[in-house]
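A.B. asks: So the sequences go chain by chain: A and B.
Going by the working numbering, the first sequence opens with residue 1, and the numbers climb by one from there.
Going by the working numbering, the second sequence opens with residue 1, and the numbers climb by one from there.
Do not rely on the hints blindly, as some may be mistaken.
For lysine to any residue, the following SDA-like pairs were computed, each having C-alpha atoms within a straight-line distance of at most 20 Å [what the hints assert, rightly or not]:
1) K195(A) with G310(A)
2) K134(A) with P49(B)
3) K257(A) with K11(B)
4) K18(A) with P78(A)
5) K341(B) with E38(A)
6) K41(B) with A216(A)
7) K134(B) with S152(B)
8) K252(A) with D264(B)
9) K76(A) with C280(B)
10) K214(B) with S141(A)
11) K209(A) with G32(B)
12) K252(A) with A283(B)
13) K234(B) with G310(A)
14) K134(A) with W36(B)
15) K133(A) with K341(B)
Listed next, the stretches of chain B that the computed footprint assigns to chain A, with coverage defined by at least 3 CB atoms under 8 Å from CB atoms of chain A [stated by the list, open to error]:
16) 46–60
17) 150–162
18) 239–245
19) 297–303
20) 314–320
21) 332–340
Since the hints were derived computationally from the structure, they do not count as laboratory data.
Where is the CB? At the ideal position from N, CA and C, for every residue including glycine.
For reference, the chains in residue letters:
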Amino acid sequence: MSLLSERLGWIVFEAETKRLHELVKAVLPELDGIVGWEQGFDALHATPVFVNREEDVHRLMWSPLCVHNLSGYLVKTPPFLPRDEGRKVGICVKGCDSRSLVALEQEKFLGRDRLHIFGIPCEGTVDWRRVMKKIPLRGVSSVRREGPELKVEDSRGVHSLPWEESLARRCLRCAHPNPLVHDVLVRDPVEPRIKKDEAYGLVEEMDQKSLEERLAFWSAELDRCIRCYACRNACPLCVCQDRCIVETRDPKWLTQKMGISEKFMFHMIHSLHLAGRCTECGECERVCPMEIPVTLMKEKLNQITREILGYEAGIDSQLVPPLLTFNPGEHEL
Amino acid sequence: MSGKVFIPQDKLASALERLNEKVPVWVPVSQGADRWGIDFKPFRAGMVPVMDRQSTALPKEVIFPQVQTLMTFEYVKAPEDPGRVQLKLEEPPEAGNALVFGARPCDVRGFFTFDRVFTEGPFVDNQYKDRREKTLFAVLLCREADEACFCSSVGSGPADTAGGDLWITPVEGGYVVEGLSERGGSYVQLLGDPATEEQAAAASRSQEEVSRQKVGSLDPSGVVQGQKDRFEDKDFWRSMVNQCLGCGVCTYVCPTCYCFNITDEMRHSRGERMRSWDSCMFAVYTQEASGHNPRPTKLERYRNRVGHKFSYFPEKYDGMIACCGCGRCIRSCPVSIDIRKVVENLKERSHACA
Ligand code: SF4
Ligand code: SF4
Ligand code: SF4
Numbered sequence: 001m002s003l004l005s006e007r008l009g010w011i012v013f014e015a016e017t018k019r020l021h022e023l024v025k026a027v028l029p030e031l032d033g034i035v036g037w038e039q040g041f042d043a044l045h046a047t048p049v050f051v052n053r054e055e056d057v058h059r060l061m062w063s064p065l066c067v068h069n070l071s072g073y074l075v076k077t078p079p080f081l082p083r084d085e086g087r088k089v090g091i092c093v094k095g096c097d098s099r100s101l102v103a104l105e106q107e108k109f110l111g112r113d114r115l116h117i118f119g120i121p122c123e124g125t126v127d128w129r130r131v132m133k134k135i136p137l138r139g140v141s142s143v144r145r146e147g148p149e150l151k152v153e154d155s156r157g158v159h160s161l162p163w164e165e166s167l168a169r170r171c172l173r174c175a176h177p178n179p180l181v182h183d184v185l186v187r188d189p190v191e192p193r194i195k196k197d198e199a200y201g202l203v204e205e206m207d208q209k210s211l212e213e214r215l216a217f218w219s220a221e222l223d224r225c226i227r228c229y230a231c232r233n234a235c236p237l238c239v240c241q242d243r244c245i246v247e248t249r250d251p252k253w254l255t256q257k258m259g260i261s262e263k264f265m266f267h268m269i270h271s272l273h274l275a276g277r278c279t280e281c282g283e284c285e286r287v288c289p290m291e292i293p294v295t296l297m298k299e300k301l302n303q304i305t306r307e308i309l310g311y312e313a314g315i316d317s318q319l320v321p322p323l324l325t326f327n328p329g330e331h332e333l
Numbered sequence: 001m002s003g004k005v006f007i008p009q010d011k012l013a014s015a016l017e018r019l020n021e022k023v024p025v026w027v028p029v030s031q032g033a034d035r036w037g038i039d040f041k042p043f044r045a046g047m048v049p050v051m052d053r054q055s056t057a058l059p060k061e062v063i064f065p066q067v068q069t070l071m072t073f074e075y076v077k078a079p080e081d082p083g084r085v086q087l088k089l090e091e092p093p094e095a096g097n098a099l100v101f102g103a104r105p106c107d108v109r110g111f112f113t114f115d116r117v118f119t120e121g122p123f124v125d126n127q128y129k130d131r132r133e134k135t136l137f138a139v140l141l142c143r144e145a146d147e148a149c150f151c152s153s154v155g156s157g158p159a160d161t162a163g164g165d166l167w168i169t170p171v172e173g174g175y176v177v178e179g180l181s182e183r184g185g186s187y188v189q190l191l192g193d194p195a196t197e198e199q200a201a202a203a204s205r206s207q208e209e210v211s212r213q214k215v216g217s218l219d220p221s222g223v224v225q226g227q228k229d230r231f232e233d234k235d236f237w238r239s240m241v242n243q244c245l246g247c248g249v250c251t252y253v254c255p256t257c258y259c260f261n262i263t264d265e266m267r268h269s270r271g272e273r274m275r276s277w278d279s280c281m282f283a284v285y286t287q288e289a290s291g292h293n294p295r296p297t298k299l300e301r302y303r304n305r306v307g308h309k310f311s312y313f314p315e316k317y318d319g320m321i322a323c324c325g326c327g328r329c330i331r332s333c334p335v336s337i338d339i340r341k342v343v344e345n346l347k348e349r350s351h352a353c354a
């Protein structure tokens, strides 16, 4: 396995990875540990890693395959390391991930003073399924970015794909690629791909469709849902954890049936619980094995929240999320 | 050569249409225009099977559906004495025949695990047995092994035909199909014209070539002891699967995972007793009525998952590993946990101990 990770990987992002190692080594003795990414089982996959010893620092890496939002590990059980309450915890975040930290701080799940944040300005993360769809690869040995192209080497040679065509949907609509909170930055800030109000294109497209068309769209999509709940478990803000309404039998909200209505109910509750809280990190959609665009539902709710309340989640740690406030004088609602 | 037919690529859909008239066929189809994943679905005219990659979801569904009605029931008042309530039970309709076209060796092998548990007693699961007997498999010679596959490490391989009724070999311009079982053989002629000598020879060459391939380099021996040695070692399990999200993906895409839940889904006085897939990675899986949970965190849950497949099952069923090496749990895992790595480390550390 170790041989594999030495053999595989990114070439162009070595500089950032090296810088990350230096930055981590400098503070590791003061930290309880750090969560970051390391090479996964093949060149197209990274995997989260938890490091608290200097000899493991070399495992950490940065590349556009570091797709996972790691902030959930800070708030979900069991804690990823035996905790020493007196020390800070280190975490690597992209722009989108940093918003989860802000949102968790807003909801008092996290204290900023307990974190040491390694911020990574991000030019987008690669969606391996999108890549595979464009170029069916066999035995991928290396992946790298060369200017406007993604270059992938497999058993049949080197293939290239326009960079933008390899990216996850969430990255194509990302207005915050630079971490909003951080103690150190691993590289220089990057130019956002879009402006804030350009992020809801797909929602607007859906809004143009008739109700019947929308129903048909979601019925076809949710028909594939296998109720694995990865979308729920991956969400850093789905904090009910093992007390979720989809699994309780008493009270019983959902049956075990596989019909569309059960799945709709699950996804509507999931989305409504995230309304005005969701930071649109896109994890729920990324983790879905059935490739269902589940973030889109949350995008719709967030668009409404923006329009009516002028509020965006995970931007300002001092603000109270609108659905967590009760203000009798409120008149927009 | 006798008994082999050739289906040109552009005639595959019409061949399946003919087959579907004789027996309901399930085929691997795309999940959508810009989707990577494929899924097994009942064949309908116009469907184009996707034969060049492994499916995300499984043909497990055909024999062991994600939800299955075991019986329906109704509470009715006795006409002669309305104070008395009677329970009316109804058996579900009998399952029909089916043929899974383009299943891969690992997809079929998954059922061998089921068979041991569901058909060999002391209790026989009749619903499972019935569907199992009525389902045929047209197995594909698998030439698409990737970095996550390791079927040769667990007793199978990309040219494995065990459990198959027909064998599909992709060749230039189409597929050569031959019978493996008597029932399967009876459908061969229906699918295409007899293969030419060249086509048949190309198929044999491909079969030989693929059967020489070793997919995966895992050696699962010694894991039983490793699991025992490491059972209580929390640090070990933490170092292996700390990143686990505790979702059900790995179990739901696994061809050998057979755990189920039974619930009565009622509305007013009528209801169904249903069997549905369960997942040992869910917290409620071992939740007891008292509130106590013997597997309180994902660490214990994952320990059970790998233990069940590589230790407890082999101990109980003459060494048989409850994993077919399809690699789906690795490929679909949202955080890329690699079961092979856990198995390797279980062994290594247990050697180091000794
Ligand atoms: S709902 Fe989805 S996009 Fe929103 S915060 Fe949760 S995982 Fe991220
Ligand atoms: S991750 Fe996908 S398949 Fe799983 S429950 Fe969520 S939407 Fe359904
Ligand atoms: S445990 Fe993983 S590799 Fe084994 S059969 Fe299940 S999905 Fe396949």
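A.B. asks: Hints first: check each against the structure and report whether it holds.
C.D. replies: Hint-by-hint comparison with the structure:
For the given pair, K195(A) sits about 16 Å from G310(A) by alpha-carbon distance, which is consistent with the 20 Å threshold. A distance of roughly 18 Å separates the Cα atoms of K134(A) and P49(B); the hinted pair therefore holds under the 20 Å criterion. The straight-line distance between the Cα atoms of K257(A) and K11(B) is roughly 37 Å, outside the 20 Å bound, and the hint therefore fails. Taking the CA atoms of K18(A) and P78(A), the gap is about 30 Å. The hint is violated against a cut of 20 Å.
Simply put, K341(B) and E38(A) have alpha-carbon atoms about 14 Å apart, close enough for the 20 Å limit, and the pair holds. For the suggested pair K41(B) and A216(A), the alpha carbons sit about 18 Å apart, so the restraint of at most 20 Å is met. For the given pair, K134(B) sits about 28 Å from S152(B) by alpha-carbon distance, which is inconsistent with the 20 Å threshold. Proposed proximity of K252(A) and D264(B) is supported: the alpha carbons are some 12 Å apart, at most 20 Å.
A hinted pair counts as satisfied when its Cα atoms are at most 20 Å apart, and K76(A) with C280(B) qualifies at roughly 19 Å. Proposed proximity of K214(B) and S141(A) is supported: the alpha carbons are some 18 Å apart, at most 20 Å. A threshold of 20 Å between alpha carbons decides the hint, and for K209(A) with G32(B) the separation of about 19 Å falls inside it, so the pair holds. About 17 Å separates the Cα atoms of K252(A) and A283(B), which keeps this hinted pair within 20 Å; it holds.
Of the supplied pair hints, the one linking K234(B) and G310(A) is violated, its CA atoms being roughly 47 Å apart against a limit of 20 Å. Proposed proximity of K134(A) and W36(B) is supported: the alpha carbons are some 9 Å apart, at most 20 Å. Taking the CA atoms of K133(A) and K341(B), the gap is about 27 Å. The hint is violated against a cut of 20 Å. Only residues whose beta carbon comes within less than 8 Å of a beta carbon in chain A count, and the region 46–60 of chain B has 4; three or more means the coverage holds.
Residue count for the region 150–162 of chain B with a Cβ under 8 Å from a Cβ of chain A: 0. That is fewer than the three needed, and the coverage hint is violated. Coverage of the region 239–245 of chain B by chain A holds in this model, with 3 residues showing a Cβ closer than 8 Å to a Cβ of that chain against a need of three. Only when three residues or more bring their CB closer than 8 Å to a CB of chain A does the claim for the region 297–303 of chain B stand; here the count is 3, and the claim holds. Check on the region 314–320 of chain B: 0 of its residues sit with their Cβ under 8 Å from a Cβ of chain A, so the three-residue criterion for coverage is violated.
Only residues whose beta carbon comes within less than 8 Å of a beta carbon in chain A count, and the region 332–340 of chain B has 7; three or more means the coverage holds.
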